[in-house]
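Trainee: Produce the entire structure from the sequences given, and follow the hints as far as they go.
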Amino acid sequence: MEENEDFAVVLDYLRENCLAGEDEVVDGTDLPFEVVSEHFSKAQRIVNDDLFSGEVSDPHTINVINSFRDWARQQRQ
Numbered sequence: 001m002e003e004n005e006d007f008a009v010v011l012d013y014l015r016e017n018c019l020a021g022e023d024e025v026v027d028g029t030d031l032p033f034e035v036v037s038e039h040f041s042k043a044q045r046i047v048n049d050d051l052f053s054g055e056v057s058d059p060h061t062i063n064v065i066n067s068f069r070d071w072a073r074q075q076r077q
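With this note's numbering, letter number 67 in the sequence shown gets 67, and the count goes up by one each step, no holes.
Hints listed in this document are in silico derivations from the structure and should not be mistaken for laboratory results.
Warning: the hint list may mix true and false statements.
[Unchecked claim] Using C-beta positions, here's what the derived DEER-type ranges look like:
id, residue 1, residue 2, range
1, GLY21, TRP71, 15 to 25 Å
2, SER37, ARG69, 26 to 36 Å
3, LEU19, ALA72, 13 to 23 Å
4, ASP30, GLN77, 21 to 31 Å
5, ASP27, ASN63, 38 to 48 Å
For glycine and all other residues, C-beta sits at the position ideal for the given N, C-alpha and C.
Mentor: See the structure below:
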């Protein structure tokens with residue numbers, strides 16, 4: 001049960017801070033690095049799916065995505 005709770009903590013942190021790395025998640029959650037590392041990749045894949053479906057709560061990441069989209073449009077012109 002604790003493993004599921006740890007995963008949920010990592011996932012929630014990444015949903016709020018989409019560009020965070022493992023070290024930032026450790027600092028932001030106070031979970032040990034080994035625990036974060038165990039769950040990070042799976043949580044990151046879920047957040048990636050959230051990003052592309054428009055379900056994002058991190059305003060900084062939204063700005064990064066929109067800037068990239070604008071840049072990509074300009075490259076096609």
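Trainee: With reference to the structure, classify each hint as holding or not holding.
Mentor: Results of checking the hints against the structure:
1. GLY21 - TRP71: 15 to 25 Å: With a Cβ separation near 23 Å, GLY21 and TRP71 satisfy 15 to 25 Å, so the hint holds.
2. SER37 - ARG69: 26 to 36 Å: Taking Cβ atoms as reference, SER37 and ARG69 lie about 31 Å apart, which means the hint holds.
3. LEU19 - ALA72: 13 to 23 Å: Taking Cβ atoms as reference, LEU19 and ALA72 lie about 18 Å apart, which means the hint holds.
4. ASP30 - GLN77: 21 to 31 Å: violated (47 Å)
5. ASP27 - ASN63: 38 to 48 Å: Violated - the Cβ-Cβ distance for ASP27 and ASN63, about 22 Å, lies outside 38 to 48 Å.
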